[in-house]
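Taking UniProt numbering, the leading residue of the sequence shown gets 1, the next gets one more, and so forth.
Keep in mind that the hints were calculated from the coordinates and are not lab data.
Heads up, a few of these hints could be off.
The calculated lysine-lysine pairs, modelled on BS3-like cross-linking and capped at a C-alpha distance of 25 Å, are [to be verified]:
1) 508 / 344
2) 693 / 743
3) 166 / 199
4) 344 / 367
5) 767 / 750
6) 767 / 166
7) 743 / 727
8) 727 / 693
9) 750 / 867
10) 725 / 750
11) 364 / 352
12) 367 / 661
In this text the structure is predicted, and so the values were computed from the model without any measurement.
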Amino acid sequence: MMNSVETADKILSGSEFPDLTGLKELIGELKGELEFGKARRVLEKARDLYPEDIWVVQQLALCTYKDEERYPKHRFEEALTLLESIGLRDSKKRDAETLSLGGAVYKRLWEFCGQIDHLYESLSFYRAAFETDPERDLGYAANNAAYILDLLAARAESLEHRNDIKTKEAQKFRKEASGLREKILENLSARQNDPDLSKNYWFSATIGEANFGLGNYAEAGQWLAKARATKPKEWEIQSTFRQWVSLAKIRGLDVPAETEKPDVWHEAWQALRQLLGDETANALMCYRGKVGLALSGGGFRASFFHLGVLARLAEADALRGVDVLSTVSGGSILGAHYYLEVQKLLEDSTKKLNRDDYLDIIEKLQKDFLRGVQSNIRMRAFDDFIDNVRMLFSKRYTRSHKLGELYESKLYSQVDDGKTDLPRKMPDLLVEPAQGRFKGKEFRPNFHNWRRRAKVPILMLNTTSLNSGHNWFFTASWMGEPPGLIDIDSNDRYRRLYYWQAPEESLKNFRLGHAAAASSCVPGLFEPLVLEGLYPERAVKLIDGGVFDNQGIQGLIAEGCTLILCSDASGHLNDSYDPADDPGGVVLRTVSVLQDRIREAQYQDLQARLDSKALEGLFFVHTRKDLATQPLDWIGCDNPSKQASEEQLTSYGIAKDLQDKIAALRTDLDSFTEVEAYSLMASGYLMAERQMKDLDQRHKAEGNPGTWGDFDIHAAPQRNWEFLKLKDILAEKPGQQATVQRKDLDLQLKVGNGLFFKAWHLMPALKIAAFAAIGLMLWMLYKLVVSQWHSIVFSMSVGGLVLALVGLVAALFLPAMKWLNPKEEVRSIVIKVAIALTGYLMAKLHLLLFDRLFLERGRLARLLSLK
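Make the full structure from the sequences, and use the hints.
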């Protein structure tokens, strides 16, 4: 016997369509299995067959707005269009179910966009649904209208706390909500013995919610137990649970601590336990909303800064609750490594996961990632002679591919998942949790995470398509350009596809290393990563995700995240006393200005979403925090700006001059010393600690219960982090009395800004040896010239001299023009092999000598031993 999904697939492939009775049964089963996308496609076909049937359109609208695998705003707008086609706004065609669905869609629109108009639209439709047909509505719409009124009351109370002004608005909303709930109980109490209604889940849940909203928690629990006995579908349980948790939240109730036993819980949570039983404690984490974590680009500088931020987030027990992980460039290199460790933990663990498990991951990651980075991945892209030749001769294998393979061999192979040096394939990243009710079934985070405390994160590796200029994602399920993020341009959208749908085997099993490399292909330094044979007559060329979105925020918005944690270690536009005015310099500066403007616009958008309550919360740290300068007055200014006292320390306890140098460290993929890496980690950690405390202070000032995000904001350090050994040195103020350690740290961070000759700048002996070698060569050349000064090398006429000079100029400049694109112009096999050999020898020399000296000079133990 076929299951509902198989039946739907058969119908969609063109088989005989069921009658309306069979269709209703099938749609009910698909919704019960959370297959809203499949149900939507079946209903679209049904609409063509039954164009006059209102139920078909209503169900199509419901399945459309509930399909969480589609972009939120688009599915909500599409659902409203469907409802309007059957009279949503037509007073002559009033239908309670249609109006209730309209209220539901506008409620979800408000949750996504935060526009207060959507909340009032939702309220008006729910009210109209209840007033149009109270008997048929059975209190469902009235309950939701009361919930909207409570939301409005909570907003008013928040403003009262913030401004310390008392108004009657919140009281008015609360009173109206209570009146609606009392009316529900009055209308339905006479029908509670109806045998048909006693088997109806929504009837019992509605009476329960009315009691819950009125504070009658014991009665609410009894009705919820009756509702559970009807064996409801998963989506029905989820809808009820989330709304009741939200209702408790806006009433100021805090969720119980993880260690609290249910018998000491507040009555509200005990009532909800009647629906989920022992799974209630984990599911209560939906209290904080959908959590997204963004790790920005910025090379290995960003990676190490993120490691410090992750350490503090792990201590606050925030990492367990992350639903979506969106990463860019250096954030992607680290994010993929972190995700592999989390995947192993979720799939291998036979115990209940807690904060310590995530702390263990971060502690291991700091050691493994630093070890991998210190192998100098940038130089190792050249230290294999055969690969160098292959890169020069092949268009399908570039330095970007080599880079991805190095990520796998030097970083991801350190994950103890049994794969050692084998390539990690994107489809293999789908997590199958070892624990939970969905063990052994396909786990779909968007639908199943709500019951878990330890979430299964969705990984989104951000890249940029040179073809369309749009964002391109690699996830464990699909790759391509997501719908919904492109509203105003007319370029083609390269539709996302699941890996199993790809036309070639290499695309079906796309490598994680290559996806991370595509995310970190810095323009000008690395070639685009090319995907051929995927779209007709096109070769998709992908570059660094930071070109489109260097913070990784858009992926979180697309996934409907409502609480965002963002670690931003991207490069900032520095002030220039005298910007270059040559054409090349102006172009480079202009690109930097545009990138900085994108970053500012991104942050302003996040802040607007936070202010409008589209976001539950925003945690945002960046490397130049607290480094703002004073306004600059013009020469002869008649009203000089008031100069504030210049603090030498940031609010998170790092000297500003040192933090400025940390922020300016190179965004490269070469070796980082322990001192450089640990300085970045310490900066990220201390900054994250300060930011969370500031957010919690504001949270309490607005009269909210518990802590910000329900995280352990004030948790003491949980590990003896190596990077915290730098804390006291980083807090030292500059000046004549600075310690030797402080001066040496300042020097290392200053030198770390450069891309070349860092070892020479740090080690005087090496610099002296280099100058001595150059001096010796010049002296030998001088001696040779002096000894042969009177020797005749050749004789030539004036005409011959002119021709020789012309030939010399041509020989110098014509080849130079061609070498602007060396891979295309170098056609000689001999020259190609010579280039490959030169790159190989230089890489080997650097790795064997100079890199080792640089890393030894930057050891933490050496710095701490200075007196």
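Original post:
So which hints don't hold here, by number, going up?
Top reply: Of the numbered hints given earlier, those the structure breaks are 2, 3, 6, listed in rising order.
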